[in-house]
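Participant: Working from the sequences, and respecting the hints, build out all of it.
Protein chains in written order, with numbering that gives the first Met the number 0: chain A, 0 to 126; chain B, 0 to 365.
Quick caveat, the hints were computed from the structure, so don't treat them as lab data. What you are looking at is a predicted structure, and each value in this text was computed from that prediction instead of being measured. No residue lacks a Cβ here, since even glycine has one placed at the ideal position from N, Cα and C. Don't take every hint at face value.
As the list claims (entries may be wrong) - Here's a subset of chain A near chain B, in silico, CB distances under 7 Å, partners left out: (1) D36; (2) V38; (3) F39; (4) K62; (5) S65; (6) A72.
Claimed, not checked - Here are some of the chain B residues that sit facing chain A, going by a computed Cβ distance under 10 Å: (7) R29; (8) E33; (9) A35; (10) V119; (11) G226; (12) S292; (13) R293; (14) A295; (15) A317; (16) P320; (17) S325; (18) D345; (19) V346.
Claimed, not checked - Just the calculated beta-carbon pair ranges, DEER-fashion: (20) B:G23 - A:T77: 34 to 40 Å; (21) B:A277 - A:S81: 50 to 56 Å; (22) B:A181 - A:S81: 35 to 41 Å; (23) A:G52 - B:D20: 28 to 34 Å; (24) A:S81 - B:T42: 25 to 31 Å; (25) B:V356 - A:E96: 51 to 57 Å; (26) A:S63 - B:V79: 40 to 46 Å; (27) B:D266 - A:S63: 40 to 46 Å.
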Amino acid sequence: MIPEELKYTEEHEWVLRTGEDTVRVGITDYAQEQLGDVVFVQLPELGEQVAAGQTLGEVESTKSVSDIYAPLAGEVITRNDSLDQQPDLVNSDPYGEGWMVELRLDDPTAVDDLLDAAAYQELAAAE
Amino acid sequence: MESRRTPLHAEHEALGAMFTDFAGWRMPLRYDSELAEHHAVRTSAGLFDLTHMGEIVLTGPEAGAALDHALVGHASAIGVGRARYTMICEADGGVIDDLIVYRTGELEYLVVANASNAAVVHEALVARAKGFDTTVADKSTDYALLAVQGPKATAILEGLTPTDLATVKYYASYPTEVAGKAVLLARTGYTGEDGFELFVAPDDAAHVWQALLAAGAPHDLKPAGLGCRDTLRLEAGMPLYGNELGRDSTPFHANLGRVVKLDKPGDFIGRDALAAVAEQGPDRKLVGLKTASRRAPRHGYPVLDATGNVIGEVTSGALSPTLGYSVAMAYVAVGNTEPGTELSVDVRGKREPVEVVALPFYKRSS
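Facilitator: This is how it looks when you write it as structure tokens:
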């Protein structure tokens with residue numbers, strides 16, 4: 000499942016434009032499928048400045064832990080606190096209730112450089 | 000190299016399994032949710048394919064004597080039809096593998112080794128049995144191994160076999176039939192629950208698997224993969240070779256000195272080194288750790304004492320699905336092993352407080 004309207008990274012994150020210079024970020028259905036049951040999500044603090052590719056947080060399944068990377072540079076303006084109590088939302092609704100953070104981008108045009116759904120589909124299929 | 004597939008591969012594919020390569024085998028990691036599979040084993044039952052395990056058979060008048068020499072346990076003292084958990088060690092006491100030895104006849108033993116060590120154990124047994132009147136044969140390809148584990152295991156199996164399961168003792172094996180096929184039925188497992196392991200001919204494996212799934216359906220039996228097997232055995236405090244056990248530690252380090260039968264007659268490989276460890280006590284020991292956090296200590300993470308000195312290393316750790324907090328096993332220097340001792344684990348740069356607790360983390364109530 001790869002929604003057409005989203006942008007993607009090679010690290011299996013999705014990016015949704017939510018405003019002029021803001022985006023919502025989560026991990027893809029493919030990523031949650033690979034991880035297995037998510038039991039813990041560590042998110043960054045509000046106000047944190049992140050560079051593109053920098054570690055944004057961690058997702059733990061019973062068997063492993065994976066980093067979440069910032070898809071773009073910006074400031075963390077919202078975090079999905081529901082994941083503290085219900086980390087399994089990442090599995091059950093990765094593109095919806097399982098979202099992770101919202102960022103205010105340093106450069107709003109950088110979104111256009113991310114992968115589109117077709118390119119991400121190709122990437123995930125090759126793995 | 001292409002991974003080997005078990006005779007149940009098509010069954011796993013039909014059930015939508017996600018696979019993992021493990022010790023040269025393509026094995027089901029999980030079918031749907033490893034947490035759901037874990038809970039099924041604790042509350043109803045799970046069905047596992049364990050065909051990757053190695054089976055080595057010793058036969059002959061001195062099969063028992065050869066095993067007494069090769070292993071740390073007293074194989075020849077096992078009654079026919081019974082089984083023991085034991086280990087094979089190096090001369091220096093390091094663990095080559097942990098094993099279950101089934102005495103399947105007066106002059107016949109079935110040794111079950113970990114998949115990753117099956118070839119090494121076979122070679123070691125061949126070498127160590129030299130001079131004894133016995134043959135050592137790697138029979139791994141002759142067997143598929145299925146396990147039904149969980150409180151409903153007996154209820155699921157009883158309609159499929161003529162054997163009265165109430166008479167099947169823990170750590171015993173019986174040649175019988177299941178779903179009309181010849182099976183060596185053993186009351187053993189690696190989950191902390193009651194359950195059975197079934198050695199079957201590869202050609203019969205799919206038939207027995209399907210019969211168990213059908214009989215288990217009313218009991219909420221789930222096919223279960225290696226993912227939940229790891230969290231189940233961790234909660235039960237059971238060691239995994241490569242994590243808690245290895246050539247750099249002895250059974251005494253792992254709190255399993257009881258498997259070393261220093262008083263058995265005759266010499267055995269590793270005896271002198273193990274007797275010395277038994278007398279002096281190991282310098283580090285395996286302990287259980289519990290955390291207040293869901294952030295799990297993982298294999299290889301450093302364990303620190305209250306002053307921040309590294310005093311050990313985590314061997315296995317995960318969020319315990321049954322308990323709801325993270326648990327781990329770790330080797331720590333003696334002096335830090337008492338339950339209640341407060342330590343910390345460096346979890347990717349952040350110190351998480353942990354408390355030493357008695358193993359196992361989970362014990363079934365019945």
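Participant: Which hint numbers doesn't this structure obey?
Facilitator: Numbers 5, 6, 10, 18, 20, 22, 25 - these are the hints that the structure violates, sorted from lowest upward.
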